[in-house]
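K.L.:
Assemble chain B onto chain W, guided by the hints.
As given, the protein sequences belong to chains W and B, one line each in that order. Position 272 of the first sequence, counted from 1, bears residue number 307 in the numbering used here, the numbering being contiguous throughout. Position 91 of the second sequence, counted from 1, bears residue number 92 in the numbering used here, the numbering being contiguous throughout.
Simulated from the structure, these hints should not be mistaken for lab results. Wrong hints could be hidden among the right ones.
[What the hints assert, rightly or not] Simulated restraints on C-beta separations:
hint: 1; chain 1: B; residue 1: PRO423; chain 2: W; residue 2: ALA201; range: 43 to 51 Å
hint: 2; chain 1: W; residue 1: LEU101; chain 2: B; residue 2: ARG115; range: 58 to 66 Å
hint: 3; chain 1: W; residue 1: LEU321; chain 2: B; residue 2: SER64; range: 33 to 41 Å
hint: 4; chain 1: W; residue 1: ILE90; chain 2: B; residue 2: GLY184; range: 56 to 64 Å
hint: 5; chain 1: B; residue 1: ALA85; chain 2: W; residue 2: LEU101; range: 32 to 40 Å
hint: 6; chain 1: B; residue 1: ARG153; chain 2: W; residue 2: THR191; range: 25 to 33 Å
hint: 7; chain 1: W; residue 1: GLU273; chain 2: B; residue 2: ASP446; range: 53 to 61 Å
hint: 8; chain 1: B; residue 1: SER80; chain 2: W; residue 2: THR384; range: 29 to 37 Å
[Said to hold, decoys possible] Quick partial rundown of chain W residues pointing at chain B, CB under 7 Å, derived from the structure:
hint: 9; residue: TYR258
hint: 10; residue: ALA260
hint: 11; residue: VAL274
hint: 12; residue: GLY279
hint: 13; residue: LYS283
Quick caveat: nothing in here was measured; it's all calculated off a predicted structure. Glycine included, every Cβ here is placed at the ideal spot set by N, Cα and C.
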Amino acid sequence: MNKSSRQGHRRLADGGDEVAVSNETSELKAGTGAAQAASGAKLSALFAGTMGPLIGLALLCLALTLTTDTFLTFRNILNVLDQVTVLGIMAIGMTLVILIGGIDLSVGSVLALASMVMGFVAHPDYLNLGMPAGIAAALVVAGLCGLVSGLLVTVTKLPPFIATLAMMSVARGLANMITDGSQIVGFPDWFTNLSIIRHLGFLSVTVGLMIVLAIVFAVFLNYRATGRSLYAIGGSAEVARLSGIPVKPLTNWVYATCGVLAGLAGIVLAARLDSVQPSSGLGYELDTIAAVVIGGASLSGGIGSIGGTAIGVLIIGVLRNGLNLLGVSPFVQQVVIGVVIALAVATDTWRRRRQ
Amino acid sequence: MSPDLRPSESPHDGLFVNGLCKSYGPVQVLADASFEVRPGEVVALLGENGAGKSTVSNIIAGSIKPDAGSITWRGRPYSPANPAAAIEAGVGMIHQELKLLPDLSVAENVYVGRLPMRGGRIDRAAMNAKASAQLKRLGLDVSPERKVRTLRVAAQQQVEIAKALTLNAELLILDEPTAALGGEETELLFRQIRKLKAEGMSFIYISHRLDEIAQIADRVVVMRDGRIVARHERADIPVRTVVEQMVGRSVERMFPKLSPPGRETVLEVENLSSPERSFNNVSFAVRSGEILGIAGLIGAGRTELVRAIAGADPISSGAVRVAGQPVHLSGPAAAIRAGVVLVPEDRKEQGVVLEQTIGENLAIGNFDHVAPKGWVFPKAVQRFAEAGISRLGVKGRPSQAVSKLSGGNQQKVIIAKWVSRPPKVFILDEPTRGIDVGARAAIYDVIADLARSGMAVVVVSSDLEEVLGLSHRVLVLSRGRQRGILDRDEASNIAVMELATS
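Only chain W is shown next, with the shape it has when bound in the complex:
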């Protein structure tokens, strides 16, 4: 028996455990440590592994509360939530894609295409088929865009980066083709009210939609077999396949879902702006990826959660809002957000390596 494992045993004994002295004591110790960590995480299963980003968000809020007198007001908090709905809904889909080890660069363009389809189908100047038909058409088109990306990845074996880069260009082009580049303005009041009227004094329909989607997908990822399968695919697609998980159909489904959620984000944006334009959503894919990554997801797949992504979205939202309140120019804001992305991921990498 060497010295180190004897010490390991003594520590165990101090903790009240009765473990026979053996070569396995150190392993047992590691096991109980991991078990304790796991039971601690279980308390906040939805935010598992997101302590770092959560602390970051708390510090950010604290700093802004101290430096401005407007940040910590009910009205401003609601503003932040309103401002992050589009980003938040897209980030849910992006979380799924990144979890399986993919990436979707097309979400900004798909958002634009979906909103243009909605305007074209619903607006009196064009097809005038009514809002429900417009919304349905937008979601179908967005889902098809995602499905095509998925098929390019699973059937044509394109790397996700390339497949969705192609879709990014195609969807943007189609969005412009619908009206030859011009915007469509003016939707029914009930539609724009979805993002304006705060029911019960605080909850607009669009913010509510984001929250419900976040909860539904968080539960899905944590407690549904299909959701757990996505983690397996991201961890190792070959292990998942050999374990009988239908990797290709699930991959297609994930990209299609990401497309539908991007389309939904386009509809929310249309409600907020009372107009749709083919140039909207430019660069949103990068904000979305940033939010997911700040939330602790690994771009190589297998690691990430909706809870983490929610925190990532809020960090970006609060940062933008706070910098506005402080009167920082939009150009400087870009610099700050870039620095935050680098810091967040660097801390995370550093922490993981230390473990």
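P.N.:
Just chain B now, kept in the frame of chain W:
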């Protein structure tokens, strides 16, 4: 244990390692290691994973600095600051994972970092000619302009050796050089080692394959727990003795006693062929409780065959029946439903999700058990994992990351994933690759238990001793063709190798 634990005092022009120590924090990985390598000699360095073989080799090759001790090389004190300094002094190391640039040519790989220049440009003609000469010296017929990616692993290894030769290496450390080689390729490597030895080169040879040692080594050094526990002046020592010195206790028996197989046929494979012709017209049957070993050289189509039976790769023709029912081999999921499971060849890439917990790894593939109606209950996963862990004797907890387990325990996790279904056909591809000698016996016991519980078991292995020790019958493949099925009493090293090389 051999009586002389100190190197001989007689001076020579080779390598003297004297009392090397190395610790990482409180963990001592190398304690007072001393041995010598004479000129023109092959010294085999044996030991389990973590015994300190890599540490001592990396110190000699300049990539790790020792805490204490000294090395004398060619009569002078030698303490390389980095691998470049070691190479400068004529000491090279060929790592297990080859360090080549796959998209560059053979010649570029040989001369990388010191490409011959003329007038500010790379002198390709000179480079190719010089590389060609070195390859010829090794008896290798490969164009120096070929991309390394297109070469087989064996040829890639030769390129590394050629590179070391151009660096005028006089001591070469080979870390598990035959891990990925077939019988013929191993023979070629051995011929080259003997040739270079005759020219005065020395080798430190690290291997898990104990049967090779007698063929190639002149002397043997055995390590355990960072210490040198035995030195043998001859290499033809019994395997049993070496294994006992490596694991530090007497090994009663390597292989479990096999129970006689049952009567009913469980797995039937009929005229199975692959689209790439990696195997052709293979037919065999396995009864319940029977272990069928599949032997053959690398590239004989063993892995391809069992992967196809498990639905992992497509087939072009033939049929597979399980308990009389034809299996539609549309994918792994269909095979698993039919009761055919596979423990794949590459544990870390295909077997486990390393960064996930044991529980997660066991849940994958068992959602029909742990997730009624698709709802995964953490409690159910926990219970399921605990059952698997205790049944297989895995040293770990459900919440522990699989990456923290030893190879043997990882392999048990993969077996535990399938064992509770229970499957009808259990296929294991290279079940002990990279697993310590001491831990192998436990895996063999598990495999024998699987058969005893009535499953039909198929074991593929490059380790002939393993196939012979573990199987009721042995099927031999050569270049994709089935050369014969030998019964346990007629299956010997020679009989199998004759078929495998036919």
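K.L.:
A separate judgement is required for each hint: does it hold in the structure or not?
P.N.:
Checked hints:
Hint check: B:PRO423 to W:ALA201, Cβ distance near 47 Å, so the stated range 43 to 51 Å holds. Our hint of 58 to 66 Å for W:LEU101 and B:ARG115 holds, since their Cβ atoms are close to 60 Å apart. Remark: the range hint 33 to 41 Å for W:LEU321 to B:SER64 is upheld by a beta-carbon distance near 40 Å. About 58 Å separates the C-beta atoms of W:ILE90 and B:GLY184, a value consistent with the hinted range of 56 to 64 Å.
One distance hint, 32 to 40 Å for the beta-carbon pair B:ALA85 and W:LEU101, is violated here, with the actual separation near 54 Å. Taken as a hint, the range 25 to 33 Å holds for the pair B:ARG153 and W:THR191, whose Cβ atoms sit roughly 29 Å apart. In this structure the supplied range 53 to 61 Å is violated for W:GLU273 paired with B:ASP446, their Cβ-Cβ distance being about 28 Å. At roughly 34 Å, the beta-carbon separation of B:SER80 and W:THR384 lies within the given 29 to 37 Å, and the hint holds.
At a threshold of 7 Å, the smallest CB-CB gap from W:TYR258 to chain B is about 5 Å, leaving the interface hint in force. The interface hint given for W:ALA260 is met, as the beta carbon of that residue sits about 4 Å from the closest beta carbon of chain B, less than 7 Å. Using the Cβ-Cβ criterion of 7 Å, the hint placing W:VAL274 at the interface with chain B is satisfied: the shortest such distance is roughly 5 Å. Taking 7 Å as the C-beta contact cut-off toward chain B, the hint placing W:GLY279 at the interface holds, the least distance being around 4 Å.
Interface hint at W:LYS283: violated, since its Cβ lies 9 Å from the closest Cβ of chain B, which is beyond the 7 Å cut-off.
In the structure shown, a violation is registered for the earlier hints numbered 5, 7, 13, in ascending order.
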